[in-house]
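> Note that the protein sequences, when read in sequence, are chains A and B. All letters in the first sequence, in the order written, are residues 102 to 263 by our numbering. All letters in the second sequence, in the order written, are residues 174 to 724 by our numbering.
Be a bit skeptical, because a hint or two may be false.
Below, a list of computed lysine to any residue pairs in the SDA-like style, where the Cα atoms sit at most 25 angstroms apart [claimed, not checked]: (1) B:Lys396 / A:Thr249; (2) B:Lys338 / A:Lys163; (3) B:Lys438 / B:Phe385; (4) A:Lys193 / A:Ala107; (5) B:Lys569 / B:Glu483; (6) B:Lys338 / A:Tyr240; (7) B:Lys421 / B:Arg437; (8) B:Lys569 / B:Gly519; (9) B:Lys438 / B:Phe393; (10) B:Lys438 / B:Ala422; (11) B:Lys396 / B:Arg176; (12) B:Lys338 / A:Ser151; (13) B:Lys210 / A:Ser153; (14) B:Lys396 / A:Arg254; (15) B:Lys438 / A:Ala150; (16) B:Lys338 / A:Ala150; (17) B:Lys210 / A:Pro172; (18) B:Lys438 / A:Gly191; (19) B:Lys396 / A:Lys163; (20) B:Lys210 / A:Gln233; (21) B:Lys396 / B:Gln461; (22) B:Lys421 / A:Asp149; (23) B:Lys497 / B:Arg468; (24) B:Lys210 / A:Pro223; (25) B:Lys210 / A:Glu235; (26) B:Lys497 / B:Tyr466; (27) A:Lys163 / A:Asp113.
Note that these hints are calculated values from the structure, not bench results.
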Amino acid sequence: MPADRAYVAVADGEPLPADGPVIVSLKRFQAERDLLLARGEKLGLRLDASESPEQIGADVHKLALIVLHVPYFRDGRAYSWARLLRTRLGYKGEIRVSGHVLRDQVAFFARVGVDSFDLPRPVSEGDVAAVQAEISQVYQHSVDGRETIWDLRARRRQPPAS
Amino acid sequence: MYRYDEFDALFVRERAEQFRGQVARRLAGELTEDEFKPLRLMNGLYLQLHSYMLRIAIPYGTLSARQLRKLGYIARKYDRGYGHFTTRQNLQLHWSQLPQVPDMLVDLAEVEMHCLQTSGNCVRNISADHFAGAADDEIEDPRILSEILRQWSTLHPEFSFLPRKFKIAVSGSAADRAAIMVHDIGIQIVRNNQGETGYRVFVGGGLGRTPFIGHEIGHFVAKADILAFVEAIMRVYNESGRRDNIHKARIKILVHQIGADEIRKRVGREFEEIRQSGALQLPEQEMQRIAAYFRPPDFEGLSHISPEFEHAQKTDVAFANWVKTNVHPHRMPGYAIATISLKPIGQTPGVCSSDQMEALADLMDEFGQPEIRVTHEQNLVLPHLRKRDLFALWRKLDALELGTANHGLVTDIISCPGLDYCDLANARSINIAQEIARRFADLQRQHDLGELKIKISGCINACGHHHVGHIGILGVDRKGVENYQILLGGSGAEDASLGEILGPGFDSEGIADAVENVVATYTQLRHGGERLLDTYRRVGPAPFKERLYAR
Numbered sequence: 102m103p104a105d106r107a108y109v110a111v112a113d114g115e116p117l118p119a120d121g122p123v124i125v126s127l128k129r130f131q132a133e134r135d136l137l138l139a140r141g142e143k144l145g146l147r148l149d150a151s152e153s154p155e156q157i158g159a160d161v162h163k164l165a166l167i168v169l170h171v172p173y174f175r176d177g178r179a180y181s182w183a184r185l186l187r188t189r190l191g192y193k194g195e196i197r198v199s200g201h202v203l204r205d206q207v208a209f210f211a212r213v214g215v216d217s218f219d220l221p222r223p224v225s226e227g228d229v230a231a232v233q234a235e236i237s238q239v240y241q242h243s244v245d246g247r248e249t250i251w252d253l254r255a256r257r258r259q260p261p262a263s
Numbered sequence: 174m175y176r177y178d179e180f181d182a183l184f185v186r187e188r189a190e191q192f193r194g195q196v197a198r199r200l201a202g203e204l205t206e207d208e209f210k211p212l213r214l215m216n217g218l219y220l221q222l223h224s225y226m227l228r229i230a231i232p233y234g235t236l237s238a239r240q241l242r243k244l245g246y247i248a249r250k251y252d253r254g255y256g257h258f259t260t261r262q263n264l265q266l267h268w269s270q271l272p273q274v275p276d277m278l279v280d281l282a283e284v285e286m287h288c289l290q291t292s293g294n295c296v297r298n299i300s301a302d303h304f305a306g307a308a309d310d311e312i313e314d315p316r317i318l319s320e321i322l323r324q325w326s327t328l329h330p331e332f333s334f335l336p337r338k339f340k341i342a343v344s345g346s347a348a349d350r351a352a353i354m355v356h357d358i359g360i361q362i363v364r365n366n367q368g369e370t371g372y373r374v375f376v377g378g379g380l381g382r383t384p385f386i387g388h389e390i391g392h393f394v395a396k397a398d399i400l401a402f403v404e405a406i407m408r409v410y411n412e413s414g415r416r417d418n419i420h421k422a423r424i425k426i427l428v429h430q431i432g433a434d435e436i437r438k439r440v441g442r443e444f445e446e447i448r449q450s451g452a453l454q455l456p457e458q459e460m461q462r463i464a465a466y467f468r469p470p471d472f473e474g475l476s477h478i479s480p481e482f483e484h485a486q487k488t489d490v491a492f493a494n495w496v497k498t499n500v501h502p503h504r505m506p507g508y509a510i511a512t513i514s515l516k517p518i519g520q521t522p523g524v525c526s527s528d529q530m531e532a533l534a535d536l537m538d539e540f541g542q543p544e545i546r547v548t549h550e551q552n553l554v555l556p557h558l559r560k561r562d563l564f565a566l567w568r569k570l571d572a573l574e575l576g577t578a579n580h581g582l583v584t585d586i587i588s589c590p591g592l593d594y595c596d597l598a599n600a601r602s603i604n605i606a607q608e609i610a611r612r613f614a615d616l617q618r619q620h621d622l623g624e625l626k627i628k629i630s631g632c633i634n635a636c637g638h639h640h641v642g643h644i645g646i647l648g649v650d651r652k653g654v655e656n657y658q659i660l661l662g663g664s665g666a667e668d669a670s671l672g673e674i675l676g677p678g679f680d681s682e683g684i685a686d687a688v689e690n691v692v693a694t695y696t697q698l699r700h701g702g703e704r705l706l707d708t709y710r711r712v713g714p715a716p717f718k719e720r721l722y723a724r
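Looking at chain A on its own, in the form it has when it is part of the complex (with noise of 0.2 angstroms):
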């Protein structure tokens, strides 16, 4: 799905609007954690490459969007991150990844539990579909739950012709 606009980001230091849901960073989370969740609104939290989820503790719960930022594609620890947000940390929340995607990187981070992307360049759900559709099957269990080859054949098992 398209990024949801009504965020809007707020840099550190840069005054809070009055309302609205905001996204901020880790530091101004861990710094200002009571003003921003006395807002009373949807709140985004912007975590850099080399920020785990962890840091943000038990308050990850209290996030409705968390924002993986990729700064170059080859980055690949946003995967690991919106991984562990769905299993270790037990994240319901949004899941957006922003800056430098490949767009046949949008298949693998729809699997480890990234909902939207807000790139130069808009993902819809449709463009994550037909590139998930190039290659029709997967083998690994990932986040997304979707059946692999192994269950697949679990389904119908037969023995090997040889």
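Let chain A serve as the given structure and place chain B on it in line with the hints.
Just chain B, lined up with the frame of chain A:
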């Protein structure tokens, strides 16, 4: 060997078509080279000095006759009629044309092959002991786990953009023919006191510019848990491996910087969590399904002694010499394993022509060999030969220039392609290998020197494994001139060790002389049946330095 079912087959076909689309977008100018590069790299396509190079995956080094024949066909149709077998058990075609690569991938897919993950910062082709299923010291065929890992790692959604490439090797024996100690992950199949098989896991080995021997972080990982354990390692690496400096990005650097104990702790935490979730328990049925493909062939009940084989060795000296080095014990009586040397004196190590590939495939059919193996030492192996067939086979191999009797000897040299092909190289390596082989061509002398592994790399990336050569040679660029350093004391086997640089390097004219001097020092100092490696370990570098750098 493993055969694709409809799922595997569809996967590689779709992958080939996907790449066709990407190539079309590139040729139409819709993608820049910068945008196209990561896509082609994920399909094993490099842009080298003169041309594109396609690196074809040969999972755990096993090929059927049909596949080998197809490789010969592809190399002739799309390339220059030969290929280069690599130290990762792959095949490289160095003169590929971009518009033809999608057709090459389709041809490969027809015989259940691909170029998936032969480059890029992902889990690379899984390598394994080339004697798998045949070695007399084997606990279990390492290719079963290798195939499981191949499938699990193929287009892994979380681990396709690691800090750096990631190499896994599996051995099923105590003897290490897969160099597992110098891989990012090395797995040894072991048996515990209760008679159960499991996995001993090493992490953080590697060559390149900063070589390390791997650390054991799993003493006995239960079979059902191995994917969870490997995934735990991958996750710790993906999260914590360095990304600020390409030369410090391999897992070996992380292991070195935070220490093996800390890695053990972090992996242990991830492992417990994955294991408790049960998501990565290796399905027993799937393991059995894959294992069934690696069931040994139906061996005949043969006697240990084959009179034909014994007789031929007595009457044909050249054959007897080949047997001495290139024939190895098999676990079944009356059978043997044979190494086919791709190191004829004066030729390019690891090169095999299309004609040879096709002729070999015919020989496989003739001698009832369902598979052939590629070794990380750039040779081929026929794993299940009847001893009584060996003489007839060898004569045919010899006629194809594939009967060289030098496996494990000084002329069985590992060499990367070097500056003749590779745009990373600082120096040529093939010509050095050829010159050294010519110097030591005398077979009697080779036998006298015994096992002596020379490994040559044309740059510090160490594709030629120079760190683990008994004699390692590293080509460097010194002010625009090729210069060659000598390392001594390395081993990539179960007694793994890293070679030490002896001193200043030699120019391309002097390096073969220097190797002669190293060998002469060894023959003066050796005790009994000591190999050069053993002598070096006993006496250290001093006498070698003295001889090499004497004024």
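> For every hint, state whether the structure bears it out.
Outcome of the hint check:
Of the supplied pair hints, the one linking lysine 396 (chain B) and threonine 249 (chain A) holds, its CA atoms being roughly 20 angstroms apart against a limit of 25 angstroms. Restraint check: the Cα-Cα separation between lysine 338 (chain B) and lysine 163 (chain A) comes to about 37 angstroms, which exceeds 25 angstroms; the hinted pair is violated. As the CA atoms of lysine 438 (chain B) and phenylalanine 385 (chain B) are separated by approximately 20 angstroms, the hinted pair is consistent with the 25 angstroms bound. At roughly 19 angstroms between alpha-carbon atoms, lysine 193 (chain A) and alanine 107 (chain A) fall within 25 angstroms of each other, so this suggested pair holds.
At most 25 angstroms may separate the alpha-carbon atoms for a hinted pair to count; lysine 569 (chain B) and glutamate 483 (chain B) meet this at roughly 18 angstroms. About 20 angstroms separates the Cα atoms of lysine 338 (chain B) and tyrosine 240 (chain A), which keeps this hinted pair within 25 angstroms; it holds. Note on lysine 421 (chain B) and arginine 437 (chain B): the hinted pairing holds, with a Cα-Cα distance of about 20 angstroms set against a maximum of 25 angstroms. Restraint check for lysine 569 (chain B) and glycine 519 (chain B): satisfied, since their Cα atoms lie roughly 21 angstroms apart, inside the 25 angstroms limit.
For the suggested pair lysine 438 (chain B) and phenylalanine 393 (chain B), the alpha carbons sit about 16 angstroms apart, so the restraint of at most 25 angstroms is met. At most 25 angstroms may separate the alpha-carbon atoms for a hinted pair to count; lysine 438 (chain B) and alanine 422 (chain B) meet this at roughly 20 angstroms. Note on lysine 396 (chain B) and arginine 176 (chain B): the hinted pairing holds, with a Cα-Cα distance of about 22 angstroms set against a maximum of 25 angstroms. Note on lysine 338 (chain B) and serine 151 (chain A): the hinted pairing holds, with a Cα-Cα distance of about 20 angstroms set against a maximum of 25 angstroms.
The suggested pairing of lysine 210 (chain B) with serine 153 (chain A) is violated, with an alpha-carbon distance near 29 angstroms, which exceeds 25 angstroms. At most 25 angstroms may separate the alpha-carbon atoms for a hinted pair to count; lysine 396 (chain B) and arginine 254 (chain A) meet this at roughly 20 angstroms. A distance of roughly 23 angstroms separates the Cα atoms of lysine 438 (chain B) and alanine 150 (chain A); the hinted pair therefore holds under the 25 angstroms criterion. Proximity of lysine 338 (chain B) to alanine 150 (chain A) is assessed by CA-CA distance (about 19 angstroms); at most 25 angstroms being required, the pair is judged to hold.
Our distance criterion of 25 angstroms between C-alpha atoms is met by lysine 210 (chain B) and proline 172 (chain A), whose separation comes to about 18 angstroms. For the proposed pair lysine 438 (chain B) and glycine 191 (chain A), the alpha carbon gap of about 22 angstroms is at most 25 angstroms, so the pair holds. The hinted pair formed by lysine 396 (chain B) and lysine 163 (chain A) fails the criterion: a straight-line CA distance of about 40 angstroms is larger than 25 angstroms. Distance check on the hinted pair: lysine 210 (chain B) and glutamine 233 (chain A) sit about 20 angstroms apart at the alpha-carbon level, within 25 angstroms; holds.
Taking the CA atoms of lysine 396 (chain B) and glutamine 461 (chain B), the gap is about 12 angstroms. The hint holds against a cut of 25 angstroms. With a C-alpha separation of about 21 angstroms, the suggested pair lysine 421 (chain B) and aspartate 149 (chain A) falls inside the 25 angstroms cut-off, and the hint holds. Between lysine 497 (chain B) and arginine 468 (chain B) the CA atoms are separated by roughly 29 angstroms; this puts the pair beyond 25 angstroms, and the hint is violated. Between the alpha carbons of lysine 210 (chain B) and proline 223 (chain A) the distance comes to roughly 22 angstroms, so the proposed pair stays at or under 25 angstroms and holds.
Only pairs whose Cα atoms come within 25 angstroms are accepted, and lysine 210 (chain B) paired with glutamate 235 (chain A) is accepted, the gap being roughly 19 angstroms. For the hint pairing lysine 497 (chain B) with tyrosine 466 (chain B), the CA-to-CA distance comes to about 32 angstroms; that exceeds 25 angstroms, so the pair is violated. Using a Cα cut-off of 25 angstroms, the hinted pair lysine 163 (chain A) and aspartate 113 (chain A) holds, with the two alpha carbons roughly 20 angstroms apart.
In this structure, the hints that do not hold are numbers 2, 13, 19, 23, 26, in rising order.
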